[in-house]
Structures are given as C-alpha cells and as structure tokens.
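Visitor: Quick note: the sequence shown uses my numbering, first residue 36, plus one each step.
One or more of the hints may lead you astray.
As the list claims (entries may be wrong) - Just the calculated beta-carbon pair ranges, DEER-fashion:
no., residue 1, residue 2, range
1, PRO242, SER262, 42 to 48 Å
2, ARG263, GLN184, 21 to 27 Å
3, ASP275, VAL152, 18 to 24 Å
4, ASN173, ARG224, 43 to 49 Å
Quick caveat, the hints were computed from the structure, so don't treat them as lab data. Where is the CB? At the ideal position from N, CA and C, for every residue including glycine.
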Amino acid sequence: MTAPNVEQRLAERMRPAERVVMRQQWAHLLFLHWQCDPAEIQRTLPPGLTVDVHEGHAWLGVVPFFMNRVRPAGLPAVPGFSDFLELNLRTYVHDEQGRPGVWFYSLDCNRWLAVKVARTGFHLPYEHAAMTAHEQDNTVDFRARRRGQPAAGGWRYVYRTDAAGRVVAPGSREFFLLERYRLFAFDARRRRLWSGQVVHPPYRMQPATVERWDATVLRLAGFGCGSRGPDHVCAAEPVDVDIYPLRPVTAGG
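Build out the structure end to end from the sequences listed, making use of the hints.
Guide: This is the structure in structure tokens:
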C-alpha cells in the first residue's frame, strides 16, 4: 500500500456524516518524538496496518497533556470528574485504504473509570496511573507513575511555552507528526481492527523548552530509542475535540 499523499492527509480533517459520541478539550500538550526504523515499528503492528513514514523515518511519540471537560455528547461536564491527565505512547500508521492515523502502544490516565471505558468500549491499551500536573507562568510540571511500578520509578516532564502557536504547513515534518485525525485500535479477542475519527481545529504548534523528560514508556514497550534525547520537541495550544464512534476496518476498503 502506497503511503497517503498530502491531499489524503488533509481530507482526514473533514467531519464525518455521523453523530459525535464524546466531546473534550486537550490542553498543555507536549510532543516528544524519536526517529526509528520503520521495520522495527512494522513488526509491532496488527494485520491491516502499515507504518507511516516521513522522509524514510518512522516516529514514536510521547505525549503528556491535560484532558478537560470530557463528557458524552449532549451532556455537561461534571466538575471534579470530567478533568484528568493522560500520557500516551504512539506511532503513525495507515490502513489498506490509505487512511493515515495513530496507533497507541499505551495510554496512561489517572481516572480509573476513563481507563475502564476506553479499554472496554474503544479497545485501547489504557493503563491506570498516579499522575499530577501543575501549570504556572507557562511552565508545566507533569508527573506520572503507572500502577504496579516502583514508587521510585515515576516519570517527570517539565516544559515551558512562551510563544504563540502557528498552524503548520502541509507536507512538513510537523504536519506529519501532529495532524492526525484518526485512531486505530485492535480487538485481540475477535481479531478485528477498528478505526475512529477525531475532529478538532488544526493544531497551533508552539516551540517548547523541555527542562526534564523521561523515556520509561518507550522502554516498557520494548523500544530502545529512548536511550537518547528526542529528535523533535514541540507543544500545542488547546483544542476542542469531537470524538466519533469506532467502525470496523474492512480489508481494501
């Protein structure tokens, strides 16, 4: 399968003709990315997905951020319940129809119910984690420790954004890494691949100064590239997000 072109990638921004199932806001987004061997990534993917590459490189991303006002479509957010934290490890893929998207290796979250719903209803590899985050003067101190991990084995990310964001140019490396409007998930029990769209305004990318970062999630997933620093770092302004239902992926369209 040929990798999707820029026009196909831009078409993913279009809102599907079906109902929204969830609404939320993503804020204080940090993107840490490592280049890696496409063959190494391909070996980890389920049938029906192909690693997506930019200028010959596959990428792994670590993304800590705040999930705000998470609620079913048509219902209000619940104070103290609809806001939580997430940190995900991801790579970039496309299916046999040439639709680009995200494949998650792990999604750590500090809200147990959200973990349960995502694992059951969306077939996503969520993990329950103890997490805290504080933002002051444009600096975020984000800490996480997956349940069952040693107390001394926590992860910490300290990052600062000072500049206003900008929409990235189609075809650029930043466009490849950030502009993703589809997720893929695999139901191992039924051996079925699923796809769901997320719709939000294009990210406004910000430069980020990272004072502290951690690659433990890469090592836990079996990747060695975290032994070096990230190859690309950026942040993004908050976006309001609509989540659409998962649909089974059919071979060849």
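Visitor: The structure should be examined with respect to each hint, and the outcome stated for every one.
Guide: Hints, verified against the model:
| no. | hint | result |
| --- | --- | --- |
| 1 | PRO242 x SER262: 42 to 48 Å | 25 Å, violated |
| 2 | ARG263 x GLN184: 21 to 27 Å | 23 Å, holds |
| 3 | ASP275 x VAL152: 18 to 24 Å | 20 Å, holds |
| 4 | ASN173 x ARG224: 43 to 49 Å | 45 Å, holds |
Of the hints listed earlier, the one the structure fails to meet is number 1.
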